[in-house]
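Going down the list, the protein sequences come from chains P and F. Those letters in the first sequence? Residues 1 to 321, by my numbering. Those letters in the second sequence? Residues 322 to 568, by my numbering.
Keep in mind the hints are simulated off the structure, nothing from the lab. Beta carbons are placed, not taken as given, at the ideal position from N, Cα and C, and that holds for glycine. Just to be clear, a hint being listed does not mean it is correct.
Said to hold, decoys possible - Partner residues aside, some chain F positions facing chain P, computed with beta carbon under 8 Å: (1) Leu357; (2) Glu376; (3) Ile473; (4) Ile475; (5) Ala476; (6) Val559.
Residue-level listing of the chains:
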Amino acid sequence: MTLLDPTPATLADRLAGPPVGRSWADMDEFETFLDDGGIVEAHDDMPEAYRTEVFRFIELHANSELMGGLTERDWIPRAPGLRLKQIFLAKTQDEIGHAHLLYMVAADMGMKDREQMLADLFAGRTRFHNVFHYQAVTWADQIAIAYLVDAAAFASQRAVFQNCSYGPYKRVLKRIIAEEGFHMRHGEEMLLRIAEGTRIQHEMFQAALERWWMPAVQLFGPDSSPDDPLLAWHIKSERNEVLRHAYVQKYVPLLQGYGFDIPDSGLRHDPVDGWLISEIDWSELRATMRNGGPDSRRRIATAAGSYADTAWVRDALAAAS
Amino acid sequence: MIDLSPAAREHLLALADDEHMIGAQHATWIGVTPFLEEDLAFCSIAQDELGHALELYQLLTDDVDRFALLRDAADYRSCWFAERSTPEWSDALVRHWLYDHAERLRWQALAHSSVAEVAVLARLVDREESFHRQHADQLMRRLLTSGEARPIVIAALHRLLPIAVGIFDPVASERGAIDEGVVASSSADLAMSWRTTISQQLETLGVTIDWPVGTDEQRHRTVRDPGFAAFHDELREVISLDPGAVW
Numbered sequence: 001m002t003l004l005d006p007t008p009a010t011l012a013d014r015l016a017g018p019p020v021g022r023s024w025a026d027m028d029e030f031e032t033f034l035d036d037g038g039i040v041e042a043h044d045d046m047p048e049a050y051r052t053e054v055f056r057f058i059e060l061h062a063n064s065e066l067m068g069g070l071t072e073r074d075w076i077p078r079a080p081g082l083r084l085k086q087i088f089l090a091k092t093q094d095e096i097g098h099a100h101l102l103y104m105v106a107a108d109m110g111m112k113d114r115e116q117m118l119a120d121l122f123a124g125r126t127r128f129h130n131v132f133h134y135q136a137v138t139w140a141d142q143i144a145i146a147y148l149v150d151a152a153a154f155a156s157q158r159a160v161f162q163n164c165s166y167g168p169y170k171r172v173l174k175r176i177i178a179e180e181g182f183h184m185r186h187g188e189e190m191l192l193r194i195a196e197g198t199r200i201q202h203e204m205f206q207a208a209l210e211r212w213w214m215p216a217v218q219l220f221g222p223d224s225s226p227d228d229p230l231l232a233w234h235i236k237s238e239r240n241e242v243l244r245h246a247y248v249q250k251y252v253p254l255l256q257g258y259g260f261d262i263p264d265s266g267l268r269h270d271p272v273d274g275w276l277i278s279e280i281d282w283s284e285l286r287a288t289m290r291n292g293g294p295d296s297r298r299r300i301a302t303a304a305g306s307y308a309d310t311a312w313v314r315d316a317l318a319a320a321s
Numbered sequence: 322m323i324d325l326s327p328a329a330r331e332h333l334l335a336l337a338d339d340e341h342m343i344g345a346q347h348a349t350w351i352g353v354t355p356f357l358e359e360d361l362a363f364c365s366i367a368q369d370e371l372g373h374a375l376e377l378y379q380l381l382t383d384d385v386d387r388f389a390l391l392r393d394a395a396d397y398r399s400c401w402f403a404e405r406s407t408p409e410w411s412d413a414l415v416r417h418w419l420y421d422h423a424e425r426l427r428w429q430a431l432a433h434s435s436v437a438e439v440a441v442l443a444r445l446v447d448r449e450e451s452f453h454r455q456h457a458d459q460l461m462r463r464l465l466t467s468g469e470a471r472p473i474v475i476a477a478l479h480r481l482l483p484i485a486v487g488i489f490d491p492v493a494s495e496r497g498a499i500d501e502g503v504v505a506s507s508s509a510d511l512a513m514s515w516r517t518t519i520s521q522q523l524e525t526l527g528v529t530i531d532w533p534v535g536t537d538e539q540r541h542r543t544v545r546d547p548g549f550a551a552f553h554d555e556l557r558e559v560i561s562l563d564p565g566a567v568w
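Bound conformation, chain F alone (with noise of 0.2 Å):
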C-alpha cells in the first residue's frame, strides 16, 4: 500500500475493480470455449487480468483479498461492462475485444503517471495487453469474415455496445486525478479514441455501428450491474466462511 490522494486513489481502484471483475469474468470460461486452444488462450488473459488486479490493489491495500471480496457492493468502482455475465461464447469474446481495446488506452494514460509505481506497471501491462488485442482482433476479423459466424458476432455487438461505452464513465474525482497528474488524459478523451479504433477495425470487415448515447445509470460507477450481486455472492462465499481463516 502506498500514500495516494483520494482522487489518485479512486481512479486507480475503478481500473483495479475493472481488471478484477473482467479477469473473474474470463475465468468462467475455463474448459468450455469452442476449442482447447482457445481455452489454454483465453484462460492466459483471464490470469493476466486478474494479476494487473492485484498489482493495482496491492497500491490501495494491505489486505489484497478481503479488500477485493468483501467490500460492499457501493464501494466498487467496476463498471457493468465487466461486471457483467457473458454465457453466450460470441459475448465473451466481442466484450473482450472491446475490452482490451479500451484497455490499451487507460493504461497508456498512466504511462507518465504522477505516481511512479502506476507509471511502471502501466508499461509493463502494455506489453502483456499487445498479446491480448492480437488474441482478439484476429478472431474477430476471422469470424466476421465468415458468413454464418459474421451475423452472431454482429448481434453480440449491438447487444454490447450500449454498456461498454460505459467503461469510460468516470469515476466523480477524475479531474482531481488529472491535476494531479495521476493519469494524462480524461476518460472523455480516451472514449473519443476509442470509438475511432473500433469504428475503424469494423469499417475494413463492412460492419458499420450507431454508436449509443452513453446513459448516467452507473452514476460514476457507484452503482453496480443488476447482475452484480449474484457474481459478489459467489467471489465471496469461500473468504466469507471463517473470517479467521488462512486459506
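Okay, chain P solo, but in the shape it has when bound (with noise of 0.2 Å):
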C-alpha cells in the first residue's frame, strides 16, 4: 500500500465491495493519524471542522481553475497564430478540466453538489484567487499569466500535493500539477521569445508585467497565522510567506536577466536573505477577494450569463437522463 493508494489493492478486497469508513474519537486522535502520515478519504468519517475547510479549499481551487480559464479566453480569438491558438486553446481546456475534476472531489465531500457550487460561484458567494479578479489587457498580458501566474499557482499547488492528507485531493493534484508544469514550461517559452523580440515586443511585457507581478506575488496569500487549520492538519505543506519569498527568488533574477525591471521601487537585495520586496498593502488582495478587483464584476458576469442562457441544455439533459 502507497501513500497514493491508501485503500486495499488486492482483487478479493475490492471485490468485496465499498470500504468501510474510519472513525477517530476525537480531534486528539484524528490530528495524530495526520502528523503520522495518515490520509483521509471520502467515506470516512472525519471531523466535522477537518470537512469544512477542506472542502472550502478545494471549492476555492475549483472556482479559481474555472475563472483562470475565462481569465484568458479573451485573447484567444486573437493568438497571433494557429498553433498558438491551439496551444492556448489547450492550455485553458486544461484548466476547465481541472475545475471539472475539483468540483467532483468537492462534491464527494458531500456538503455541496456542483451545481451549488457554480451558483454560489456566480451569485458572488464564494471566491476564487486573486489574479482572477484582473484583466488581460495585451496579448502580452496573455504571456505575464502564462509566465507569472501559472508559476505562482504551480508552486503553491506542489507544495499542497507534497503533503496532503487528504486522499482524492491529493490523487487528482498529482494531475494537475503535471499539468501545471507544461503551462509553465510554454510560459517560459513565450517569455523567451518576447524578450528576444523587437521593441514593441519589450515594452508589451514590461506593461503587463507591471500589471501581474504585484498579484501573481499576492496569490500566495499574506503570512500564515500561527494556527492556521490547513497547516496543521497537512493540507497546505509549507507557510505562505516562505512560497511567496522562494517564488520573489526565482523570478527577480530571471525576470531582470531578460532585460525587465521589477514594479517595485523598494525592491532589494540583501546578502543573507536575498530578494526582498516592498512591505505588501493587503488591503488589496482582501478586496479583491471580494469581487472587489478590476474585474471581477465582469467575469462573474460573463460565466453568470452564459450558464444562465444555457440552462435550457442542462435541463433537457437531466429530464432525459
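Work from the hints to combine the two standalone chains into their complex.
Given below as C-alpha cells:
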C-alpha cells in the first residue's frame, strides 16, 4: 500500500465492496493520525471542522481554475497564429478540466453538489483567487499570466500536493500539477520569445509585468497565521510567506536577466535573505477576494450570464437521463 | 508548401479557410458552453478543426500564420456559414452538427485525391471527424427529444439552413479540380448526399424541414459574410501589431 493508494489493493478486497469509513475518537486522535502521515478518504467519518475547511479550500481551488480559464479566453481569438491558438485552447481546456475534477472531489465531501457550488460562485457567495479578478489587456498579459501566474499557482499547488492529507484531492493534484508544469514551461518559452523580440514586444511585456507582478506575488496570500488549520491538518505543507519568498528569489533575477524591470521601487537584495520586496498592502487582496477586483464584476457576469442562458440545455439533458 | 495547380489550390484553400473559420468560431465558446464536460468536448473539436486548417495551409504556403490571418478579405474562400458568429448556443450546436456532416463528405471526396499529401490527410481527418459527428448527433438527438429544448433547436435549424447550404457553394475552378482528380465529387453531388443525411436524421426525430434554395450571394466564395470584417480584425489584431515580431 502506498501513500497514493491508501485503500486495500487486492482484487478480493475490491470485490468485497466499498471500504468502511474510519472514525476517530476525538480531534487529538485524528490529528495524531494526520501527523503520522495518515490519508483521509471521502468515506471516512472525518471531523466536521476538517471536512469544512478542506471542502472550502478545494471549492476555492475549483472556482479559481474555472475563472482562470475565463481570464485567458479573452485573447484566444486574437492569438497571432494557428498553432498558438491551439496551444492556448489546450491550456484553457486544461484549466477547465481541473475545475471539472476538483468540483467532483469537492462534491464527494457531501457538503454541496456542483450545481450549488457554481450557483454560489456566480452569485458572489464564494471566492476565487485574486489573479483571476484582473483583465488581460494585451497579448503580453496572456504571456504574463502563463509565465508569472501559472508559476505561482504551480508552486502553491505543488506545496499542497507534497504532504496533502486528503486522498482524493492529493490524487487529483498529481495530475493537475503535471499539467501546470507544462503550462509553466509554455510560459517560459513564450517569455523567451518576447524577451528576445522587437522593441514593441519588449515594451508590451514590461507593461504587462507592471500589471501582473504584484497580483502574482499576492497569490500566495498574507503570512500564514500560527494556528492555520490547513497547515496543522497537512493540507498545506508550507507557509505562505515561505512560498512567496522562494518565488521572488526565482523570478526577480530571471526577469531582470531578460532585461525587464521589476515594478517595485522598494526591491532590494540582502546578502543573507536574498531579494526582498516592499511591504505588501494586503487591503488590495482582501478587496479583490471580496469580488472587488478590477475585472471581478465582468468576469462573474460573463460566467453567470452564459450559465443562465444555457440552462435549457442542462434542464433538457437532466430530464432525459 | 507543395506544387499545386491553380484549381487544386483554390479547392483546398476553400476547405482550409472553412476549417480555420469554424475552428476559430468554435473556440469563442471556450468556458461558456452549457456545462463543463461540453466545454472540454467542444474545445477539443475546435482544436481539431484548427489542426485540419493548419495541415492544409502548410500545403499552400510556407508562412502559415501570415497567410491564415493577414490576407485581404477577398482572398479568403471560406463560406459564410463557417465565418458567422453564433452568439446563441443553439446556433453553435446546430452549426456544428450541419457542418460536421458536410465536412465528412468533403474530406471523403479527397480520400483518393491525385495530390498524395491530401489523400493521406483526408484519411487521417476522417477518423477524427467520426468523433465530432458522434458528439453532435448525440446532443441533437437528446435535445430534439426534449419538450422544452426541441423548439429552440428547431428554430436554430430554420435560422441556419439558408446559409448552411452555402457550404456547398463551389469555388470558380471546381471543374478543373475534378478533372485533375484532386477531388472526386462536385459540390452539387456532395450537397445532395448531405441533404439526404440531414433530412433522414431529422425525420427519425419527427422534424421536417423545407430546404431553402441556395443563392449566389457568396459568388463562388469570393464575397465575405457581413460579419467577417469585425471577426477578421480580431483574428489579426496581435499579428498585425509588429511585422517584425515572432510570437
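Point to revise | Interface restraint verdict for Ala476 (chain F) against chain P (beta-carbon cut-off 8 Å) | key: Where the cut-off is 8 Å and the nearest Cβ of chain P is about 12 Å from Ala476 (chain F), the hint is violated.
Point to revise | Evaluation of the interface hint that places Val559 (chain F) against chain P, nearest CB under 8 Å | key: holds (4 Å)
Exercise for review: May I ask you to test the interface hint for Ile475 (chain F) with respect to chain P, counting a Cβ-Cβ separation under 8 Å as satisfied?
Suggested key: Violated: closest Cβ of chain P sits about 13 Å from Ile475 (chain F), beyond 8 Å.
Exercise for review: For the hint on Leu357 (chain F), just tell me whether its beta-carbon gets within less than 8 Å of chain P.
Suggested key: At about 4 Å, which falls below the 8 Å cut-off, the nearest Cβ of chain P leaves the hint on Leu357 (chain F) intact, so it holds.
Point to revise | Supplied contact hint for Ile473 (chain F), tested at 8 Å Cβ to chain P | key: holds (6 Å)
Check your understanding: Given Glu376 (chain F) as an interface hint, is the shortest Cβ-Cβ distance to chain P below 8 Å?
Key -> Check failed: Cβ of Glu376 (chain F) comes no nearer than 10 Å to chain P, outside 8 Å.
When held up to the earlier numbered hints, the structure conflicts with 2, 4 and 5 and fits the remainder.
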